[in-house]
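There are 2 protein chains.
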Amino acid sequence: MDPIGTIYSPFKTLDNMPIQPKGASEIIGSVVVDQKYQEGLADLDGFSHIYLIYHFHRAQRIELKVIPFMDKVYRGIFSTRSPLRPNHIGLSIVELVKIEERELTVKGVDILDETPLLDIKPYIDAFDLVEQSSSGWVTAGSGAVAAKRSDSRFVS
Amino acid sequence: MDPIGTIYSPFKTLDNMPIQPKGASEIIGSVVVDQKYQEGLADLDGFSHIYLIYHFHRAQRIELKVIPFMDKVYRGIFSTRSPLRPNHIGLSIVELVKIEERELTVKGVDILDETPLLDIKPYIDAFDLVEQSSSGWVTAGSGAVAAKRSDSRFVS
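Keeping their order, the protein sequence lines are chains D and C.
So the working numbering is basically just the index in the first sequence, starting at one, shifted up by 2.
So the working numbering is basically just the index in the second sequence, starting at one, shifted up by 2.
Mixed in with the good hints, there may be bad ones.
Each pair may be met inside one copy or between any two copies, as identical chains are not told apart.
Below are the EDC-like pairs computed for lysine to aspartate or glutamate, each with C-alpha atoms no more than 16 Å apart in a straight line [claimed, not checked]:
1) Lys150 / Asp17
2) Lys67 / Asp47
3) Lys67 / Glu41
Read the hints as simulated data drawn from the structure, not as lab findings.
Isolated chain D, as found in the complex (with noise of 0.2 Å):
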């Protein structure tokens, strides 16, 4: 698997970066997909929302548990949104702005800068909507993610 263009946000480092694209609904980004890929962004800027799916790149472990952001127990790995999962990929819902040849500018990044992108997809109403849910341990403390911001636990 092969990095298909990069993200560029305003963070540099995990220090106070918002936790989710909710957090960071203000936060303008970029993606720029590499040319050999331009011609498959085509018909993409009628769409207001956008997959981002990329590598965790600060990543240097797997923990199979570990004490969230939104936390303070630990929780398995695959319950959370931690970096530290097998395989490393992230995974997030952001706006899309624009797109001018192979830059895309994108709204509500909690991405780090310089990140290597695998994917794009279309967020579809039809296809992606959850009308109804229950989000377990996090539904306690759920109403705190927008001010949540991350720290450096997960590369250090």
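We have chain D; now place chain C onto it with these hints.
Then chain C, alone, in the frame of chain D:
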């Protein structure tokens, strides 16, 4: 990037498979996570929905423009969910029915049998719910998602 498990479903071929979880809402499948990662499943059982990230293992080539199942004209690959994208990464949101040891029973499976699993993430309402969105070229035909079935165009 190595598989962390395997997704099992009733679909042995792409012919006639639902094209998205919403078209497969009653289809039960299972996800078996490798034993060495079982500990990472702790706490996941409180979530009603999960993201499965997987390898479109039957996709043998990359195309930058495809005619999607939902349309009749060529569209840029990144504006579709077609398997022929670079890196062949698939993403589905499925309902989590139960977890027994390292086997998850899931509902809403639009995935081929024996698909290699790359990651599991919890669907977290506070992070992932998109209240208003526009879905570009899909909008016109999206009412038909549930009834739409695939064919072998992306593997043959």
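Hint check:
no.	hint	result
1	Lys150 / Asp17	within (11 Å within a copy, 45 Å between copies)
2	Lys67 / Asp47	between (39 Å within a copy, 15 Å between copies)
3	Lys67 / Glu41	between (41 Å within a copy, 7 Å between copies)
In summary, the structure agrees with every hint in the numbered list given earlier.
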